[in-house]
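Enquirer: Next come the chains, spelled out residue by residue.
Protein chains: 2
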Amino acid sequence: MNIKENIKTLVIKNPLKLDCGKTINNFPLAYETYGSLNKNKDNAILVFHALTGDQFVTGINPVTKKDGWWSYAVGPNKSIDTNKYFVICANVIGGCMGSFGPSHKNPDTNKIYGTDFPVITINDMVNAQVNLLDHFEIKKLFSVVGGSMGGMQVLQFISNYPDKAGTVVPIACTSSHSAQNIAFNELGRQAIASDHNWFDGKYLSNNTLPDKGLSVARMAAHITYLSKKGLQEKFGRKLQERDALKFGFDADFQIESYLRYQGSVFVDRFDANSYLYITRAMDYFDLVKQFDGNLSNAFKKTKAKFFVISFTSDWLYPTQENKDIVIALNAIGADVGFVEIKSDKGHDSFLLDVPDFLNTLKNFLDKSYSER
Amino acid sequence: MNIKENIKTLVIKNPLKLDCGKTINNFPLAYETYGSLNKNKDNAILVFHALTGDQFVTGINPVTKKDGWWSYAVGPNKSIDTNKYFVICANVIGGCMGSFGPSHKNPDTNKIYGTDFPVITINDMVNAQVNLLDHFEIKKLFSVVGGSMGGMQVLQFISNYPDKAGTVVPIACTSSHSAQNIAFNELGRQAIASDHNWFDGKYLSNNTLPDKGLSVARMAAHITYLSKKGLQEKFGRKLQERDALKFGFDADFQIESYLRYQGSVFVDRFDANSYLYITRAMDYFDLVKQFDGNLSNAFKKTKAKFFVISFTSDWLYPTQENKDIVIALNAIGADVGFVEIKSDKGHDSFLLDVPDFLNTLKNFLDKSYSER
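Protein chains in written order, with numbering that gives the first Met the number 0: chain A, 0 to 371; chain B, 0 to 371.
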């Protein structure tokens with residue numbers, strides 16, 4: 000990937016003390032913006048991306064040449080209306096789209112970090128991104144919005160910076176990563192670490208890539224993003240370009256070809272070590288524990304207006320885990336709305352063309368903006 | 000593994016035409032028995048094992064030196080009471096505990112089959128095992144019982160041999176493998192095929208084993224055997240022998256250590272190619288399609304008494320898929336009972352100490368036996 004020429008980068012000069020104890024500074028944060036910041040600088044929305052996302056939210060991603068990951072939701076007249084709002088999104092630290100990550104060189108050794116890169120957390124990610132507000136001279140964001148790991152960043156951001164956003168929209172997420180989700184992430188990490196070309200994370204120095212392992216990790220994750228019912232309706236037992244079973248190990252079923260394809264295209268755009276680091280950050284996320292078991296305390300300093308969204312068929316971050324956030328907010332009388340959107344598209348619903356979701360998100364933002 | 004000395008083997012002389020078109024004969028079927036066949040030879044129960052099971056149902060498995068896979072359910076005075084019943088179980092063909100499988104030598108080439116072994120189906124498995132009835136001179140089994148893939152064999156057996164069993168107990172299974180389950184199996188196969196030591200299935204000839212890939216496959220499967228709630232209750236976010244996060248990629252959480260352990264012990268007892276073949280057989284299973292979309296027709300020739308059992312937290316073979324079998328049986332006025340057992344232990348419930356299940360199974364068998 001030749002990514003440099005298309006990437007805007009802010010060099011963060013402020014030292015950032017990471018949760019692991021190390022301090023980083025003068026590190027790059029890659030970001031993109033959409034729409035225009037108004038004169039009052041009160042129309043900015045910080046969007047946080049999920050595990051495999053990046054800063055290229057909408058339009059054509061200049062690196063992958065494919066649609067941005069949230070093209071259904073973000074753009075002119077869309078849910079997050081770029082005619083109205085100034086949208087900012089940064090690649091998370093630990094990522095592989097220009098922000099400081101394990102594929103960068105360690106200036107002390109002049110070698111690629113690999114797994115010598117410090118383990119980062121969701122807290123570290125948002126503490127890096129808050130620097131964007133100073134850069135754009137924004138005192139307070141109109142909103143922070145994100146789904147999945149993006150939702151975790153939303154929750155962490157408002158907890159860390161209670162006065163820096165007026166509205167808060169965590170989507171299809173959790174306040175504490177579950178055992179099952181840790182298990183699936185660990186499965187992905189083990190698939191990568193099992194790859195003969197992984198070299199304990201030093202694959203770039205060995206001029207190779209653990210692409211088979213990364214592909215298997217992606218396949219595993221992809222299954223969790225879809226619902227059982229959705230898979231059954233979309234693929235069922237349909238065969239792949241054949242009339243009968245072949246009695247071999249080629250992809251007989253469409254679902255097999257689909258998964259293999261998802262795995263194979265992923266390795267062209269994602270770094271295996273970033274996959275390890277970002278899944279680790281998700282697994283470490285436990286906002287409940289950060290506040291000694293009382294999630295309400297994470298939000299008691301903010302006056303922001305919350306809107307929590309879940310999806311009926313999301314079994315990775317099921318409605319109950321989203322409701323736990325609502326319960327914690329209600330317990331302190333916070334301003335919180337909640338909706339569970341009916342969809343068979345599983346966890347991926349927030350990324351897809353689900354009109355009820357897209358309309359609901361637009362209505363909340365536009366109404367809140369006109370009432371601000 | 001030195002398995003030969005502990006294994007009873009029946010050489011099947013009758014040619015068996017496989018679904019793939021090939022015919023096999025003079026092939027070994029490894030089996031074990033428990034209890035005694037009575038004089039009338041009407042107390043026999045054929046138990047079918049699941050994906051990674053074998054013929055050593057109960058007591059100490061002489062090869063692995065661990066408890067048999069169904070020790071909770073099978074034994075003196077247990078659900079399947081070996082004081083009363085004569086229990087037979089055979090290793091499925093395609094397996095790796097003595098029955099004809101991919102680790103055997105091809106007599107035509109004197110080389111280990113590997114992936115030159117013919118693809119087998121659930122239908123082939125039961126057609127091989129029916130030979131055990133002739134061997135023991137049993138005209139009619141008292142019962143056929145099995146969970147998961149064992150349940151698929153139960154359904155296929157009674158469909159193929161409607162007069163050869165008096166009672167039929169499919170547990171936690173399906174009549175048609177779902178897209179999600181095919182997806183998880185394909186994930187496991189791809190993990191194995193991605194292993195540098197797989198050599199397109201010729202690893203034994205290369206004196207190596209694709210144990211990393213097989214271990215990842217087992218980890219993936221293991222997650223699906225447990226429920227989200229069960230995992231949360233058992234592991235939650237508990238740390239592994241430490242008080243705080245280590246900010247590295249060692250197993251921080253107990254669930255990570257547990258999965259790694261499950262993967263590592265599995266490779267000592269299971270053959271990677273058998274894993275490929277048996278998962279393929281499961282994916283190919285579609286009794287509904289065998290009967291042109293009308294599952295009832297699979298059962299219309301039998302007068303057997305059915306008892307279908309599912310578990311509330313089994314998301315791999317959920318209650319609805321088990322109920323579909325009941326519905327098909329009810330549609331033809333068959334004698335069928337059904338129970339959904341409440342359990343948080345997921346698909347694995349049928350293998351574990353779930354008293355409601357164990358009692359229910361015992362009551363059905365013993366009552367049916369006394370009424371026969």
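If you're looking for bench data, these hints aren't it; they were derived computationally from the structure.
Here the structure is a predicted model, which is why all the values come from computation and not from measurement.
From the three backbone atoms N, C-alpha and C, an ideal C-beta is built for every residue, glycine too.
There may be inaccurate statements among the hints.
Chain B side only, calculated, beta carbon under 7 angstroms to chain A, not exhaustive [stated by the list, open to error]:
#1 I59
#2 N60
#3 A182
#4 E185
#5 H195
#6 L208
#7 M218
#8 A243
#9 F246
#10 I254
#11 E255
#12 S256
#13 Q319
Enquirer: Indicate, hint by hint, whether the structure satisfies it.
Expert: Going down the list of hints, with the structure as the test:
{"no.": "1", "hint": "I59", "verdict": "violated (30 angstroms)"}
{"no.": "2", "hint": "N60", "verdict": "violated (26 angstroms)"}
{"no.": "3", "hint": "A182", "verdict": "holds (5 angstroms)"}
{"no.": "4", "hint": "E185", "verdict": "holds (5 angstroms)"}
{"no.": "5", "hint": "H195", "verdict": "holds (3 angstroms)"}
{"no.": "6", "hint": "L208", "verdict": "violated (13 angstroms)"}
{"no.": "7", "hint": "M218", "verdict": "holds (5 angstroms)"}
{"no.": "8", "hint": "A243", "verdict": "violated (11 angstroms)"}
{"no.": "9", "hint": "F246", "verdict": "holds (4 angstroms)"}
{"no.": "10", "hint": "I254", "verdict": "holds (5 angstroms)"}
{"no.": "11", "hint": "E255", "verdict": "holds (5 angstroms)"}
{"no.": "12", "hint": "S256", "verdict": "violated (9 angstroms)"}
{"no.": "13", "hint": "Q319", "verdict": "violated (10 angstroms)"}
Figure legend: structure checked against the earlier numbered hints; hints not met, in rising order: 1, 2, 6, 8, 12, 13.
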